[in-house]
Amino acid sequence: MSAAFTLILSVWLIAALLVAAGVFTWVERRGLGFLQERLGPNRVGPFGFFQWIADTVKLLFKADEVPPDGDALTFRLAPALAATPVLVGFAVVAFAPGWAISALDIGVIFILAMLALTVYAMVLGAWASRNRYAMLGGLRAAAQMLSYEAFFGLSLMGVVMLAGSMSLGQIVAAQEGLWFVVQQPLGAALFTIAGIAAAHRLPFDLQESEQDLVAGFMTEYSGMGFALFFLGEYLAILLVSALAVTLFFGGWLGPWLPAPVWFGLKVGALALAFVWIRAILPRPRYDQLVAFAWKWALPLALANLLVTGAVVVLGGSA
Amino acid sequence: MSWGLAIWASALALAAAALAVTRDSVVHALLLLLAALVALGVAFFALASPFAGAIQLLIYAGAVVAVFVFVIMTVEAGPEARARERALLSGAWRWPAVVAVLAFLPMLVGLGGTADGTPGGVGAADLGLLMFGEWAVATELVSLLLIAGMIGVRALSRKGRDGE
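Heads up: the protein sequence lines correspond to chains A and B, in order. Under this note's numbering, think of the first position of the first sequence as 36, with each following residue one higher. Under this note's numbering, think of the first position of the second sequence as 127, with each following residue one higher.
In isolation and in its complexed conformation, chain A is listed as follows (with noise of 0.2 Å):
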């Protein structure tokens, strides 16, 4: 593939995404609305679907303003780390065979690393502010974070194992006859306990947490900043979407379809579920959710592992 070629298929890549991004907005306030038994937006366009171009260009042009005792410069970056690194992430999802911007050889530990690296947003955001309620959220982000990081790997080396390859494209490959689902359920279910933390969705938004933390870490950001926020929270749940259709559930495999329409079909219902989940679950106690994750996940994704590592050696696959 040409340099020019896979630049043009970045920048279309990157379009694409925030426009996902942006419709899944209006999804995700519709679907709760259904949920919650009530409308949602409805005014803008046919059935409120312009709602989400109108959010848009009001915090486009909305006022930016860096709190009095703050640090502007820490200020004005956070944003733009919590956006970045998810959109490089999607580099190497793989959309249909030979459909990825890089090829990547460990293209599951890149993802994993990138949305580590939203933490920082998150935290730095908080300092910056000078502010106790975000400085709370911030500092719950990071614990947060650093509990869930560790099984989320551990979740998912189980289909690394199976596929013997951390290529997402190859992982998928392997699953011609068999979604990984079927043979790791387990893995399967640590996966996506870890991936709505990751994406910092409900029930694990402890650092946003608007009823004890008014908006936690991002309570002082308005305008572009909140935008880029927001814009890095629905990126994450695509990729985290993207991820989990990827390693367990067949990626673009399917039947009559063309691959990237299965592909979309996949990430789409596995997002909505996203929004479901978000309308169905109470937010659980802090303590709870970080001893949840060091007492029971790690041992059972441990175990999860020992299992799978033996099944492959005695069985002589992989």
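Nothing false has been slipped in among the hints.
If you anchor each label on the Cβ, the simulated ranges turn out as follows:
| # | chain 1 | residue 1 | chain 2 | residue 2 | range |
| --- | --- | --- | --- | --- | --- |
| 1 | A | I49 | B | V190 | 25 to 31 Å |
| 2 | B | F194 | A | R111 | 19 to 25 Å |
| 3 | A | V58 | B | T148 | 44 to 50 Å |
| 4 | A | R165 | B | L282 | 28 to 34 Å |
| 5 | B | S136 | A | P334 | 39 to 45 Å |
| 6 | B | A207 | A | L349 | 55 to 61 Å |
| 7 | A | A107 | B | L267 | 43 to 49 Å |
| 8 | B | A174 | A | G68 | 48 to 54 Å |
| 9 | B | A174 | A | L292 | 33 to 39 Å |
| 10 | A | R165 | B | S283 | 24 to 30 Å |
| 11 | A | A208 | B | F194 | 37 to 43 Å |
| 12 | A | L349 | B | L267 | 30 to 36 Å |
| 13 | B | V227 | A | A107 | 31 to 37 Å |
| 14 | B | L282 | A | F82 | 56 to 62 Å |
Derived from the structure by calculation, the hints contain no laboratory data. A virtual CB, placed ideally from N, CA and C, is assigned to each residue, including glycine.
Based on these hints, arrange chain B on the given structure of chain A.
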């Protein structure tokens, strides 16, 4: 592999590291340390070692600095702390800097000496074989460092509690 990108990223890492040790704001220093680690990861990628690059980003930039930030954020740096930092930066770092340069000079010279071999990059499997095959004992010895660190933290936190 792209030498231009590798050299650019390495230069960025060096510059960020130099800036990191000369800031009087701890959080700015940490931000720059983060930038240096990320730039180092990019350099690994450019030198065709994506596994080392990704691990660099995941472990060092992702986890280690996050722990630092977690601790630093809870410590409010007042004006007198900043003044003390500035006093420290005014000259005490010169001898450690000389020692560091002297220590790293042989490495740079050594790099020039082995340039005849073509750098093929180290994949995950190669690294695993090296670490747990040929260099297994050395790897286990290095892991002792972690235990030393854990014992040190335990000892320090006990001392602090008794002293209060």
